[in-house]
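Asks: Take a look at the letters that make up each chain.
There are 4 protein chains.
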Amino acid sequence: MLQFQCDYLQGCAPEILRRLENTNSQCFVGYGEDPVSASAIAKIRSFVGSDDADVWFVTGGTQANQLVIDAMLQPYEGVVSTTAGHVNVHESGAIEFTGHKVMTLPAHDGKMCAGELKKMMQTFYADGTYEHQVFPGMVYISHPTEYGTLYTKDELTALSQVCREYHLPLYVDGARLGYGLASRHTDVTVRDLYQLVDAFYIGGTKCGSLFGEAIVFTKNNTPRRFFTRRKQHGALLAKGWLLGIQFDELFTDGLYMKLAANAIDQAEYMKKEIAAKGYDFLLDSPTNQQFVILDNEKMHQLEKDVIFSVWEPVDETHTAVRFATSWATTKDQVDQLLALL
Amino acid sequence: MLQFQCDYLQGCAPEILRRLENTNSQCFVGYGEDPVSASAIAKIRSFVGSDDADVWFVTGGTQANQLVIDAMLQPYEGVVSTTAGHVNVHESGAIEFTGHKVMTLPAHDGKMCAGELKKMMQTFYADGTYEHQVFPGMVYISHPTEYGTLYTKDELTALSQVCREYHLPLYVDGARLGYGLASRHTDVTVRDLYQLVDAFYIGGTKCGSLFGEAIVFTKNNTPRRFFTRRKQHGALLAKGWLLGIQFDELFTDGLYMKLAANAIDQAEYMKKEIAAKGYDFLLDSPTNQQFVILDNEKMHQLEKDVIFSVWEPVDETHTAVRFATSWATTKDQVDQLLALL
Amino acid sequence: MLQFQCDYLQGCAPEILRRLENTNSQCFVGYGEDPVSASAIAKIRSFVGSDDADVWFVTGGTQANQLVIDAMLQPYEGVVSTTAGHVNVHESGAIEFTGHKVMTLPAHDGKMCAGELKKMMQTFYADGTYEHQVFPGMVYISHPTEYGTLYTKDELTALSQVCREYHLPLYVDGARLGYGLASRHTDVTVRDLYQLVDAFYIGGTKCGSLFGEAIVFTKNNTPRRFFTRRKQHGALLAKGWLLGIQFDELFTDGLYMKLAANAIDQAEYMKKEIAAKGYDFLLDSPTNQQFVILDNEKMHQLEKDVIFSVWEPVDETHTAVRFATSWATTKDQVDQLLALL
Amino acid sequence: MLQFQCDYLQGCAPEILRRLENTNSQCFVGYGEDPVSASAIAKIRSFVGSDDADVWFVTGGTQANQLVIDAMLQPYEGVVSTTAGHVNVHESGAIEFTGHKVMTLPAHDGKMCAGELKKMMQTFYADGTYEHQVFPGMVYISHPTEYGTLYTKDELTALSQVCREYHLPLYVDGARLGYGLASRHTDVTVRDLYQLVDAFYIGGTKCGSLFGEAIVFTKNNTPRRFFTRRKQHGALLAKGWLLGIQFDELFTDGLYMKLAANAIDQAEYMKKEIAAKGYDFLLDSPTNQQFVILDNEKMHQLEKDVIFSVWEPVDETHTAVRFATSWATTKDQVDQLLALL
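Chains as they are written, first to last, in the numbering used here: chain A, 888 to 1228; chain B, 888 to 1228; chain C, 888 to 1228; chain D, 888 to 1228.
Warning: the hint list may mix true and false statements.
The list cannot tell twin chains apart, which means a pair is met if one copy fits it or any two copies do.
Stated by the list, open to error - Derived pair list, reagent style SDA-like, types lysine to any residue, alpha-carbon separation capped at 25 Å:
#, residue 1, residue 2
1, Lys1145, Gly936
2, Lys1159, Asp1219
3, Lys1005, Ala1045
4, Lys1218, Thr1039
5, Lys1006, His973
6, Lys1185, Val916
7, Lys1106, Val916
8, Lys1006, Asp1182
9, Lys1191, Asp1202
10, Lys1158, Thr1039
11, Lys1005, Arg1112
12, Lys1159, Glu920
13, Lys1005, Val1197
14, Lys930, Arg905
15, Lys1006, Trp1198
16, Lys1158, Tyr1017
17, Lys1006, His995
Since the hints were derived computationally from the structure, they do not count as laboratory data.
The following block holds chain A by itself, in its conformation from the complex:
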């Protein structure tokens, strides 16, 4: 059975496994206060281009979002997301669980529009009853988005400006950040991102590690007692060096970007060939998720040999499905998929 349903189907880059082996009998202090974690943090600082980057590791994306958003918001504030945002749809209410409203704006191919954000803020403060409402307290976007799309540097800059104007921290869910940075169709570097946003996380789980995400605060703006907040959230790994090891390897010799590049190569190849076969796409994705429109008969036939995500109905007889490549996808796998299409 071919599997293209997501980008977290397999273990991790072999370099990580090897390092786990080599360090397995070594003793480390717990809770991330070990030297390997320190080394990983130093490498991430170099990657993002700032010695000020404050880096923290957690085990998963929902955990990262819940922790960062809860810690950055005041209790009377909510987080602004698109309707398609992962925090709004696929986290079982993890944000509301911590007391905060997810306030939504429309998603345009998954993206938030700076103008609409500005309008929302203007309308909010123009309303005489705003003290009876939830204060928009920060902005959540994903890059790449849930639809595989990417903000341009201009779009991100525009969002950043509105956020600064209204003192809204801008937070980026980077579950697939590697794939965004490795895209052939992006003008946003990780250093741009670092400059333009207040916090983001560098996704490991979907980009080559066994698990783990690296949260980055960019402006000496780490919420107070963040170590304790992490524990309070149940998000502090006892053997923190396991996260350190993984990110230390990912950020040695450019491994993170190399892994990402493979996913992009396979996605671009798949995209070109699928288009050549005459299929339409739900939208033009420049990253590792490709949304292809299949007629339903074809889709059901394909389900016998391939696992993929059924995304959304397009019309009575057609459905958009998602094929995701990853750091581990091989050309051979893509070729098998293409042969079946």
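Assemble chains B, C and D onto chain A, guided by the hints.
Replies: Frame of chain A; chains B, C and D shown alone:
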């Protein structure tokens, strides 16, 4: 200065004040366990037509909504509301504060559509990832709605059926319930309401009491330890008999409905006369809130003599404003307003 | 039946009822933004001796405690209370409901010891694992305490100093503040209190109003967006002027202290006479709550004619019971009680 | 530097690493719905002796405690723990964060006394004001305790009986369960535990896995929508098979108990030899944590060569310190420690 900005501008029905005076030096046990509260509950049971009605008093509407919704939902569930629902807009995130998402459907003149609710539920359970989402756990509507509109008995029945099909308790915010029941254009009685819904509250604050709302559970479905939940929410009044006294008076000799009828009489008179002057309305409201479209110049001129709610812009040069009548509004006040229009 | 079980058995001072009547048909803006509330706040500022006092009204004591503590704490902090503190025992977990731990110290006749607080803080920060614990974030005491006792000025000063040393806001639950200030055995004035603490509330419910407590922040230290927090907690009364009216009356012509003085007069009289009859007291209370030790037979006999609080067993055959006087207690009532003892 | 400060200093059993390698390029479905997780669950069912055992994996102990306790409690309930309980002391308020009070009983060498629990429950329900309090809703104990001690079967049975009498689920924190089961001084088997309690977790992090705990519900009593609750808590690992692999290995060929036995062997050896040197112990621990009383000078000298936990002062000149062995501790390491003592 004429005041039409809302329906909670003045104290209470004189009968209530008199009763407060007459009982002022009497000793009562606290927390609502007094005989006057028991009497009020008995009268409310008679009003709603069921001896099974379980009635609890709290001091305000947001408090009632927060308490009931939090107590009726499982922790992994959210409440479905229209986008215009008070809990979604004007309660400072009181629902999310208790850990629950407010899940929205479109508002049609303030109302939820049963068909859209059914569609939402079908889509939810058809989505293979629903366990990663917030479960829709109950439905919140207001009657009258925030736009003064009313559900017909058919509409309410349809909603009720969808709710039962999906095991969603249906809860009605009755902040202005009296005005809804007293409307000349409704086929919904309080007994209908009682049969069709799982919980509602009978608004006192906006309908003749100093403060207070009577929460009614209709199906022996009171959440466990509701007394304690009320305390835990900071919503248990020490001198509970003050609420008992107010509702006992409101439900003696039909006072509640008489007070409501006055608001409706004044609103209908106002509506007819304003229409006669050629003004348009944002929508056709059958209750005590009337939404009139003014050109902006006229609106600013009127602001010198009248306080009213600026509701929403209609176009570049026109704005919808709200004039609310109440149990205490006099024909003389309406006439003054009409003279100014 | 004589009733001495608590101090919230009756309505309110007649002055308040009269004012409610006189203003009943007057229109007010809601949510406490009315001129009467402003007047009440001005009078409270004068009472506490500071123009900087920031005053907010809520409807009850648990609500006040929950709101103030939640708003003053950081999310990773807990509140330090004695084991006997109302927030620790009798609020159904209202503090934990908002996410905060109640951290306890022993109660000495209901009071917290400054030395023990200091020791707690030293131990906390000396523990290498403190980042894995709850940070003590503020201190809650009641004055009078749940046992009717009072802090001396020295004791309060000592507590205040430890609090300042460790940056712990000191908050005083003043449900019975009037009775504490009116005690014949106190050297703490309200102005002392104001200087020594960071927040407190002036109890209305137990001291002459129908309901209502006046929260006072003393050091320009009101939590941000406190208005909205109040709404979010379901603690914002729509007709806020009702609270304004009550406190405006209580702080006109010294009414608040006059009402308190009555409770103290009756309590002192009761205490002297009960002692003269040879009864022992659980402790020496200088305020309106008297804790008398009865043999159980006597207690059960008394229960036929008097309602009182059964406080705690003293030994196999004796029980401490509480008789509470209030602003409304008459000498005649006390005499009847004395006759029965 | 010798390290005896805790039992989570090193990676994992080599069998686990090897399995991670062998499966690294295999594709799995996420969220624990893979066949390896199913296999691990089957093996755990066999280990605990019941096909009904409902098993769920999470990544850490605080996470397990927070999730289970929050999911098993009603919102108005608290969890009863000893004062020494991990949830009461070392989890940064993770329980209160979810809205629940931790209600404490004294710790007797770390253990809860069934008689004291029963007394607590009797007192609670005998108090006329219990509806104003937090309801004790479940019981949390650890086995081994934070002091390395173990409940006897009689003690556990007595606790279990009180719990059943009062309908309190009994939950056991088994962070070090392996070491408890492998102790030479216990009469409690895992099957006993399974029969006597309502939920527990089998610790992996401290007992041979890289990370991970296996939560077991014993009586078809899994909280509703536990999958979703886990997600809502940020506690659902995307690559769930990583937990499955680890527990599948731990429960293959008795590995879990073999690893535990090593820690016990080393601890017993250490204990015997340290006693032979004339040192006293804080208490008699039958598991892998040994609490030795050192004079402070000796302690400071030892700190140059060994990392250990400074537990608590015993008197002016002596301190109890903790030496923990683990699945990975070697006799050579213990010998080095002994040589230094």
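Asks: None of the hints should be skipped; say for each whether it holds.
Replies: Hint-by-hint comparison with the structure:
| no. | hint | in the structure |
| --- | --- | --- |
| 1 | Lys1145 <-> Gly936 | within (18 Å within a copy, 48 Å between copies) |
| 2 | Lys1159 <-> Asp1219 | within (15 Å within a copy, 61 Å between copies) |
| 3 | Lys1005 <-> Ala1045 | within (10 Å within a copy, 39 Å between copies) |
| 4 | Lys1218 <-> Thr1039 | neither (29 Å within a copy, 60 Å between copies) |
| 5 | Lys1006 <-> His973 | both (23 Å within a copy, 22 Å between copies) |
| 6 | Lys1185 <-> Val916 | between (54 Å within a copy, 23 Å between copies) |
| 7 | Lys1106 <-> Val916 | neither (28 Å within a copy, 38 Å between copies) |
| 8 | Lys1006 <-> Asp1182 | between (39 Å within a copy, 23 Å between copies) |
| 9 | Lys1191 <-> Asp1202 | within (22 Å within a copy, 55 Å between copies) |
| 10 | Lys1158 <-> Thr1039 | within (21 Å within a copy, 52 Å between copies) |
| 11 | Lys1005 <-> Arg1112 | between (31 Å within a copy, 22 Å between copies) |
| 12 | Lys1159 <-> Glu920 | neither (46 Å within a copy, 33 Å between copies) |
| 13 | Lys1005 <-> Val1197 | between (34 Å within a copy, 22 Å between copies) |
| 14 | Lys930 <-> Arg905 | within (19 Å within a copy, 28 Å between copies) |
| 15 | Lys1006 <-> Trp1198 | between (30 Å within a copy, 17 Å between copies) |
| 16 | Lys1158 <-> Tyr1017 | neither (47 Å within a copy, 29 Å between copies) |
| 17 | Lys1006 <-> His995 | both (16 Å within a copy, 23 Å between copies) |
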